[in-house]
Amino acid sequence: MSVTSSSEAPVTTVATLEPIVTAPASAEAAHDAAHADSHAATAHTEEVHGHGDAHASGGLPQFQMEHWAGQMIWLVILFGILFLLIAKVFAPRLRKVIDNRGSTIAEDLANARAIRDEAEAQAKAAAAETAQAQAAARKLASDAKSKAAAELAAAQAAEDARLNAVLAESEARIRTARDEALSHVAEIATDTASALVEKLTGKAPTKAALSAAVKKA
Amino acid sequence: MADPLHQFQIQKVVELPAFEVAGIPVDLSITNSVLAMMFAVAAVIVFFSLSTARAGIIPGRGQVMAEGLFKLVDDLTESIIGHDGRAFFPFVFTLFLFVLSCNLIGMTTYFTATSQLAVTLTLALLTIGTVIVVGVLRNGLGFFKLFCPSGVPLPILPILIPIEIISFLMRPITLTLRLFGNMVGGHIVMKVFAGFIVSLASLGFLGYLGGFVSLFAVVALTALEFLVAYLQAFVFAVLTCVYLNDVVNLHDH
Chain A
1 MSVTSSSEAP
11 VTTVATLEPI
21 VTAPASAEAA
31 HDAAHADSHA
41 ATAHTEEVHG
51 HGDAHASGGL
61 PQFQMEHWAG
71 QMIWLVILFG
81 ILFLLIAKVF
91 APRLRKVIDN
101 RGSTIAEDLA
111 NARAIRDEAE
121 AQAKAAAAET
131 AQAQAAARKL
141 ASDAKSKAAA
151 ELAAAQAAED
161 ARLNAVLAES
171 EARIRTARDE
181 ALSHVAEIAT
191 DTASALVEKL
201 TGKAPTKAAL
211 SAAVKKA
Chain B
1001 MADPLHQFQI
1011 QKVVELPAFE
1021 VAGIPVDLSI
1031 TNSVLAMMFA
1041 VAAVIVFFSL
1051 STARAGIIPG
1061 RGQVMAEGLF
1071 KLVDDLTESI
1081 IGHDGRAFFP
1091 FVFTLFLFVL
1101 SCNLIGMTTY
1111 FTATSQLAVT
1121 LTLALLTIGT
1131 VIVVGVLRNG
1141 LGFFKLFCPS
1151 GVPLPILPIL
1161 IPIEIISFLM
1171 RPITLTLRLF
1181 GNMVGGHIVM
1191 KVFAGFIVSL
1201 ASLGFLGYLG
1211 GFVSLFAVVA
1221 LTALEFLVAY
1231 LQAFVFAVLT
1241 CVYLNDVVNL
1251 HDH
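Protein sequences, first through last, are from chains A and B.
If you read the first sequence in this note's numbering, its first letter stands for residue 1, the second for the next number, and so on.
If you read the second sequence in this note's numbering, its first letter stands for residue 1001, the second for the next number, and so on.
For the record, the hints were derived by calculation from the structure and aren't laboratory data.
Don't take every hint at face value.
What the hints assert, rightly or not - Computed, partial: chain A to chain B, Cβ under 10 Å:
| id | residue |
| --- | --- |
| 1 | Ala69 |
| 2 | Gln71 |
| 3 | Phe79 |
| 4 | Phe83 |
| 5 | Leu182 |
| 6 | Ser183 |
| 7 | His184 |
| 8 | Val185 |
Built from N, CA and C at the ideal position, the CB exists for glycine as well.
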């Protein structure tokens, strides 16, 4: 194999690197000749290996220009297929699903927000209602309290007035009784004095003298 | 030790007849690189078909992953390009998924298509081609204002315009080489350290020690390469957005 490769090396180098620029026709001829030669001489795999050995010594295999055109054309074909599939199928599918997800999430968020707002409003209404009820209850309680207090005060006042009246009447009665009693005192004293004088002297004193004496005492 | 570059060797899997277009030989044979790209694209298609087939408001596991990738790139286009970014989302998303899938196929199973210069160059040319087409369609000849930033003093323009033109022309090259270099470098280093394990272990006791160090290095590098696989896809997508933004929002400059 080393023999074939060493014999082949200059031919391929000439065919690939130099004449393509300077003399295309001769390059083709040389290349074809090399191709036919190797094809005839060796089996397929051996030919490939022969190429490899020949070029490995000469540098990177990537600079073997005879393989370029095929790779470039195949690359463009494959790239085109992939591009079409991505542009027409995969990218729209993915963009659609991502957009769908975005709108679904936005919708759900909006729904959730609306429900939350509603719940908040309801809670606020309930709180307001509670406060109102509380205020009403408080008012009712205070009303009842004040009404009771007023009733109590009124009853108390009425009772006071009645008692005062009874008191005043009693006092008046006592006063008249006392006055009456006091008015009888002089009479009793005169009577007593008259009786005493009569017993002592045996003769009833005059009324005028008696009352004067009682008044002096 | 196995040749660390052999992993990048193009090999024909299904041979198809070659033909010529304008003097350039075109060999449409299915090579390992092409097959890896087919696997990568098929993996993306299968994954997205399954994960978005029954896409619901409440996502499954696959749908979460698909939506994660979708949102990542969607936010990227939206934040870099702005409102018009949505129009370019499919392109950027395709680029991102293609590069990521190729990188991961390279990391896990078969062959790293993104370590092929032809592949990364084509991806870069697709990007820059899109940028130019979009720029011309949206701005007409105003596209060339891209090379003439507004608000710059007149005397500086003769220096600035060539610099802007060169920087624009460098964009496809840097796009190409960044992805290419990262993938090639990472895979070579992994292969080299993996080769060290075997060759050091055959040397005896001290060799075993070295072999273990290499083994740990390979494990660590593998983790790093997974990061790089994702990161390079992301960087490619970000830069595509940045370049598109330059021409989409040209008047804002």
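Outcome of the hint check:
Taking 10 Å as the C-beta cut-off, the interface hint given for Ala69 of chain A holds, the closest approach to chain B being about 4 Å. At about 4 Å, the closest approach between the beta carbon of Gln71 of chain A and any beta carbon in chain B falls short of 10 Å, and the interface hint on this residue holds. At about 6 Å, the closest approach between the beta carbon of Phe79 of chain A and any beta carbon in chain B falls short of 10 Å, and the interface hint on this residue holds. A distance limit of 10 Å between C-beta atoms decides the matter here; for Phe83 of chain A the minimum to chain B is near 4 Å, and the interface restraint holds.
Using the Cβ-Cβ criterion of 10 Å, the hint placing Leu182 of chain A at the interface with chain B is not satisfied: the shortest such distance is roughly 117 Å. Annotation: Ser183 of chain A was flagged as interfacial toward chain B, and the flag is violated, the nearest CB pair being 119 Å apart, outside 10 Å. Taking 10 Å as the C-beta contact cut-off toward chain B, the hint placing His184 of chain A at the interface is violated, the least distance being around 121 Å. At a threshold of 10 Å, the smallest CB-CB gap from Val185 of chain A to chain B is about 122 Å, leaving the interface hint violated.
Hint compliance for this structure: hints 5, 6, 7, 8 are not met, and every other hint is.
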